[in-house]
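K.L.:
Sequence:
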Amino acid sequence: MTNKHYGFITQKTIIDAIMEAKSFIEPVLERRGVVIMTSLEVKGAFDAASWTSVLHGLKEFNCPRNLYNLSKRYFSNRTAVLTMNNVSETRRITKGCPQGSCCGPGFWYVLYNSLLEIELTNHSQTRGLCW
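Going by my numbering, the first residue of the sequence shown is number 1239, and it counts up by one from there.
You may find that some hints are simply not true.
[To be verified] With a straight-line cut-off of 25 Å between C-alpha atoms, the simulated SDA-like cross-links for lysine to any residue are:
#1 Lys1250 x Pro1343
#2 Lys1297 x Pro1343
#3 Lys1281 x Ile1252
#4 Lys1333 x Gly1282
#5 Lys1310 x Arg1330
#6 Lys1310 x Ile1331
#7 Lys1297 x Glu1355
#8 Lys1297 x Leu1353
#9 Lys1310 x Gly1338
#10 Lys1281 x Cys1340
#11 Lys1260 x Leu1353
#12 Lys1281 x Gly1295
#13 Lys1281 x Ser1291
#14 Lys1297 x Lys1333
#15 Lys1250 x Cys1341
[Stated by the list, open to error] Between beta-carbon pairs, the in silico distance windows are:
#16 Ser1352 x Asn1324: 44 to 50 Å
#17 Val1266 x Cys1340: 37 to 43 Å
#18 Met1257 x Val1319: 41 to 47 Å
#19 Lys1333 x Cys1301: 18 to 24 Å
#20 Phe1299 x Cys1340: 16 to 22 Å
#21 Arg1311 x Ile1356: 30 to 36 Å
#22 Leu1354 x Asn1304: 35 to 41 Å
#23 Arg1303 x Ser1362: 32 to 38 Å
#24 Leu1308 x Ala1283: 20 to 26 Å
To be clear, the hints were calculated from the coordinates, so they are not data collected in a lab.
Keep in mind that this is a model prediction, so the values were computed, not measured.
Just so it is clear, CB atoms sit at the ideal spot from N, CA and C, and this is done for glycine as well.
Using the sequences plus the hints, can you model the full thing?
P.N.:
What follows is the structure, given as structure tokens:
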């Protein structure tokens, strides 16, 4: 598991991420070098999270079998109900991490960890920040 995440991690804040970026960038600028920063916005990220990918990531992390099975059951037979004017509509859900759930941030961490572990040159860094 990478230590490059800052979102949803105890004792790690956006300030920590900014300070780490500053410590990486400042020496380059002092040498009159070039710094290029990119940002990735994943639209509808929580809504589009692949359950298969989360479960695969849990296996890669050697997640204990009981937690893996609990997560697998968490993703099975999920539905959403919308009620308006005494009329209800129920739909089966097949992807996504419920926002506001206590396990959503952990599943998000597992899902995007591999992106942060991509091998780059020694002049590059990746970091994950969610809010």
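K.L.:
Taking only the CA atoms, is the gap from Lys1281 to Ile1252 under or equal to 25 Å?
P.N.:
Given that 25 Å is the threshold and the Cα spacing comes to 20 Å, the pair holds.
K.L.:
For the range 20 to 26 Å, tell me whether the beta carbons of Leu1308 and Ala1283 fit it or not.
P.N.:
Holds: the Cβ-Cβ distance is about 23 Å, inside 20 to 26 Å.
K.L.:
Verify the proposed pairing of Lys1250 with Cys1341, using a straight-line Cα cut of 25 Å.
P.N.:
Holds - the C-alpha atoms of Cys1341 and Lys1250 are around 18 Å apart, at most 25 Å.
K.L.:
Kindly confirm whether 37 to 43 Å is satisfied by the beta carbon distance between Val1266 and Cys1340.
P.N.:
Holds, at about 40 Å.
K.L.:
Take a look at whether the Cβ-Cβ distance between Lys1333 and Cys1301 falls inside 18 to 24 Å.
P.N.:
holds, 20 Å
K.L.:
Has the given pair, Lys1310 with Gly1338, been kept, meaning a C-alpha gap of at most 25 Å?
P.N.:
holds, 19 Å
K.L.:
Given the range 44 to 50 Å, decide if the beta-carbon distance of Ser1352 to Asn1324 lies inside it.
P.N.:
Holds: the Cβ-Cβ distance is about 46 Å, inside 44 to 50 Å.
K.L.:
Falls inside 32 to 38 Å, the C-beta gap from Arg1303 to Ser1362?
P.N.:
Given about 37 Å between the Cβ atoms, the range holds.
K.L.:
CA of Lys1260 to CA of Leu1353, is that 25 Å or under?
P.N.:
Cα-Cα ~22 Å, so holds.
K.L.:
Does Ser1291 sit within 25 Å of Lys1281, going by the straight-line distance between their CA atoms?
P.N.:
holds, 17 Å
K.L.:
With the threshold set at 25 Å, check whether the alpha-carbon distance from Lys1310 to Arg1330 stays at or below it.
P.N.:
Answer holds: Lys1310 to Arg1330 is near 16 Å, not above 25 Å.
K.L.:
Can the restraint linking Lys1281 and Cys1340 be considered satisfied, given a maximum Cα separation of 25 Å?
P.N.:
holds, 21 Å
Hint 22 alone, counting from the list given before, is not met by this structure.
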